[in-house]
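*Asks:* Sequence:
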Amino acid sequence: MTAITPVLLLILDGFGHRLEGDDNAILHANTPTWNALKQAFPYGVIDASEGHVGLPSGQFGNSEVGHLNIGAGRIVQQDISRIDCDIEENRFDQNPVLQQAIQQARGNALHIMGLLSDGGVHSHENHIFALIRAAQAAGVPNIYVHAFLDGRDTPPRSAETYLKRLDDVLAACPAARLVSVTGRYWAMDRDKRWERVEPAYRLLVEGEGLYHAASGLEALAAAYARDENDEFVAATGIGEAVKMQDGDVAVFMNFRADRARQLTSALTDPEFNGFKARQPKLGLFVSLTSYGEAYRNPVAYAPQKISNSFGEYLSGLGLKQLRIAETEKYPHVTYFFNGGEEQVYPGEDRILVPSPKVATYDLQPEMNAAQVTDHIVEAIASGKYQAIICNYANGDMVGHTGKFDAAVKAVEALDACIKRCVEAMQAAGGEVLITADHGNCEQMFDALHHQPHTQHTLDKVPFLYVGRKASIKEGGALRDIAPSLLAMMGLPQPAEMTGRSLIDFQ
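At position 400 of the sequence shown (counting the first as 1) the number is 399 in numbering that gives the first Met the number 0, and the numbers step up by one without a gap.
Treat the hints with caution; some may be incorrect.
As the list claims (entries may be wrong) - Each pair of labels, with its calculated beta carbon distance range:
(1) Tyr223 with Gln425: 47 to 57 Å
(2) Arg467 with Ala494: 34 to 44 Å
(3) Gly382 with Gln278: 45 to 55 Å
(4) Gln303 with Glu49: 17 to 27 Å
(5) Tyr210 with Gly273: 42 to 52 Å
(6) Pro345 with Gln102: 37 to 47 Å
(7) Ala301 with Arg189: 20 to 30 Å
(8) Ala301 with Gln102: 16 to 26 Å
(9) Arg295 with Arg349: 17 to 27 Å
(10) Gly273 with Ala301: 24 to 34 Å
(11) Tyr210 with Gly382: 54 to 64 Å
Unchecked claim - Using 20 Å as the maximum straight-line C-alpha spacing, the simulated SDA-like pairs for lysine to any residue come out as follows:
(12) Lys37 with Gln425
(13) Lys37 with Arg419
(14) Lys319 with Glu341
(15) Lys163 with Arg132
(16) Lys37 with Lys418
(17) Lys468 with Gln38
(18) Lys319 with Gly489
(19) Lys37 with Arg467
(20) Lys383 with Gly428
(21) Lys319 with Gly382
(22) Lys468 with Val44
(23) Lys37 with Glu422
(24) Lys418 with Ala369
(25) Lys472 with Asp46
(26) Lys304 with Glu292
(27) Lys472 with Lys418
(28) Lys280 with Gln99
(29) Lys275 with Asp245
(30) Lys472 with Leu432
(31) Lys191 with Gly291
(32) Lys319 with Ala427
(33) Lys319 with Ile350
(34) Lys163 with Ala174
(35) Lys37 with Gly474
(36) Lys383 with Asp373
(37) Lys304 with Pro493
(38) Lys191 with Lys356
(39) Lys319 with Ser381
(40) Lys191 with Phe271
Simulated from the structure, these hints should not be mistaken for laboratory data.
All C-beta atoms in this analysis are idealised placements derived from N, C-alpha and C, irrespective of residue type, glycine included.
Work the whole structure out from these sequences, hints included.
*Replies:* Dropping the structure here:
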């Protein structure tokens, strides 16, 4: 095999391309390295949302979808699109696993839980509504809805809209009612902060909330009076308290795995020890999609097989690769980048840098990016790896807080890290590709709703090649990143990858 050029892929999470805006944290940050690289090396922009990444029209990209497409080198049809299609074509309620849940619940109760919004990143309200209607039509006597509120993938105070839509659905389904409301900060933690998950769990299982309200809208008004945005709404019981009884059926309606795993573990893992609590002997626990091989529960929409992803292909060639990220984005640069495969490929090493233990990342916008960079520089100097894949979480995690000044600091911290990475790679005779999985911190204010902008964007993302003289082709998308990396390395592209290299070497 001819000599392979070592490559470093830097995925700047939530770092979109946007030229305008007083609220653009990237433009307002002091970024001498980023500015100099864009002047000196080939730079373009690529698509990271909607149909370009297998999502519905109008749906912004996210980290899971982004890393799936980047690693696969092809458009990966997303779960939300598969489920939407089934609902539109009246196949959803015929799904055999959902049918099993509905039929089994006819003798007990059906608990439907999930993120209630149209954010489309972790869930979609239409999926929840479809299951409520299907259960009502099948004669399930007790349908209990547990709503997790968003405010991250939707505006910070937008839950009233979703609760009203839910009320409209419940009005036509007399067997169903809303029994609990909790912010996603508590119910959907992914960093083993069990003190967050515990109050959400106790509300779900024991019907014991920190607060009580007669309706979801009343609960929301009380939360706003306590200065809690949607994401942070404390566990609130609605109406007469409901417990999860032995024999009941529960369906988790989130289709994205990472923020559904901890609550699923608490409900289903017999050896769970995150906190002490009663674990109901559920008749059935169903997840809308697979939350990983460690979870043995029935799955309504099984994962699609992605063969010859970037990682699998390099491994098959006997090459060494490194994946590195902070805790917050570690599953994305490993599990999702590998096409939803749990296994670690031969020749694939992984480094996990713990994310700082702060309540929200505006309190430490630099996060632990410097530690990530220390490991990257060390790995480059070792000469051990032909490919290093890194995710920097700052742009997304701080962007989600809606705090502009903190987002600016996050971008400035990234700039210092990029400088060290590029210098180390150039010294080692390698090349660097810098991109993003989706936008976020380039828009920090929502002019339409007159409040901070905390969600992702539809903006394109950077594609910066630090290497030989070249130009960047137009019309690219995330699917083209893996083929571009292979071209940089001097390797042929596997037939399964339908993307193309965007780098025209001169």
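*Asks:* Would you mind marking each hint as holding or not holding in the structure?
*Replies:* Each hint tested on the structure:
{"no.": "1", "hint": "Tyr223 with Gln425: 47 to 57 Å", "result": "holds (52 Å)"}
{"no.": "2", "hint": "Arg467 with Ala494: 34 to 44 Å", "result": "violated (26 Å)"}
{"no.": "3", "hint": "Gly382 with Gln278: 45 to 55 Å", "result": "holds (49 Å)"}
{"no.": "4", "hint": "Gln303 with Glu49: 17 to 27 Å", "result": "holds (19 Å)"}
{"no.": "5", "hint": "Tyr210 with Gly273: 42 to 52 Å", "result": "violated (23 Å)"}
{"no.": "6", "hint": "Pro345 with Gln102: 37 to 47 Å", "result": "holds (44 Å)"}
{"no.": "7", "hint": "Ala301 with Arg189: 20 to 30 Å", "result": "holds (22 Å)"}
{"no.": "8", "hint": "Ala301 with Gln102: 16 to 26 Å", "result": "holds (20 Å)"}
{"no.": "9", "hint": "Arg295 with Arg349: 17 to 27 Å", "result": "holds (24 Å)"}
{"no.": "10", "hint": "Gly273 with Ala301: 24 to 34 Å", "result": "holds (27 Å)"}
{"no.": "11", "hint": "Tyr210 with Gly382: 54 to 64 Å", "result": "holds (58 Å)"}
{"no.": "12", "hint": "Lys37 with Gln425", "result": "holds (16 Å)"}
{"no.": "13", "hint": "Lys37 with Arg419", "result": "holds (16 Å)"}
{"no.": "14", "hint": "Lys319 with Glu341", "result": "holds (18 Å)"}
{"no.": "15", "hint": "Lys163 with Arg132", "result": "holds (16 Å)"}
{"no.": "16", "hint": "Lys37 with Lys418", "result": "holds (13 Å)"}
{"no.": "17", "hint": "Lys468 with Gln38", "result": "holds (13 Å)"}
{"no.": "18", "hint": "Lys319 with Gly489", "result": "holds (15 Å)"}
{"no.": "19", "hint": "Lys37 with Arg467", "result": "holds (14 Å)"}
{"no.": "20", "hint": "Lys383 with Gly428", "result": "holds (13 Å)"}
{"no.": "21", "hint": "Lys319 with Gly382", "result": "holds (10 Å)"}
{"no.": "22", "hint": "Lys468 with Val44", "result": "holds (18 Å)"}
{"no.": "23", "hint": "Lys37 with Glu422", "result": "holds (15 Å)"}
{"no.": "24", "hint": "Lys418 with Ala369", "result": "holds (11 Å)"}
{"no.": "25", "hint": "Lys472 with Asp46", "result": "holds (13 Å)"}
{"no.": "26", "hint": "Lys304 with Glu292", "result": "holds (14 Å)"}
{"no.": "27", "hint": "Lys472 with Lys418", "result": "violated (25 Å)"}
{"no.": "28", "hint": "Lys280 with Gln99", "result": "holds (17 Å)"}
{"no.": "29", "hint": "Lys275 with Asp245", "result": "holds (18 Å)"}
{"no.": "30", "hint": "Lys472 with Leu432", "result": "holds (14 Å)"}
{"no.": "31", "hint": "Lys191 with Gly291", "result": "holds (16 Å)"}
{"no.": "32", "hint": "Lys319 with Ala427", "result": "holds (16 Å)"}
{"no.": "33", "hint": "Lys319 with Ile350", "result": "holds (14 Å)"}
{"no.": "34", "hint": "Lys163 with Ala174", "result": "holds (18 Å)"}
{"no.": "35", "hint": "Lys37 with Gly474", "result": "holds (19 Å)"}
{"no.": "36", "hint": "Lys383 with Asp373", "result": "holds (16 Å)"}
{"no.": "37", "hint": "Lys304 with Pro493", "result": "holds (16 Å)"}
{"no.": "38", "hint": "Lys191 with Lys356", "result": "holds (11 Å)"}
{"no.": "39", "hint": "Lys319 with Ser381", "result": "holds (12 Å)"}
{"no.": "40", "hint": "Lys191 with Phe271", "result": "holds (12 Å)"}
In this structure, the earlier hints numbered 2, 5 and 27 are contradicted, and the remaining ones agree with it.
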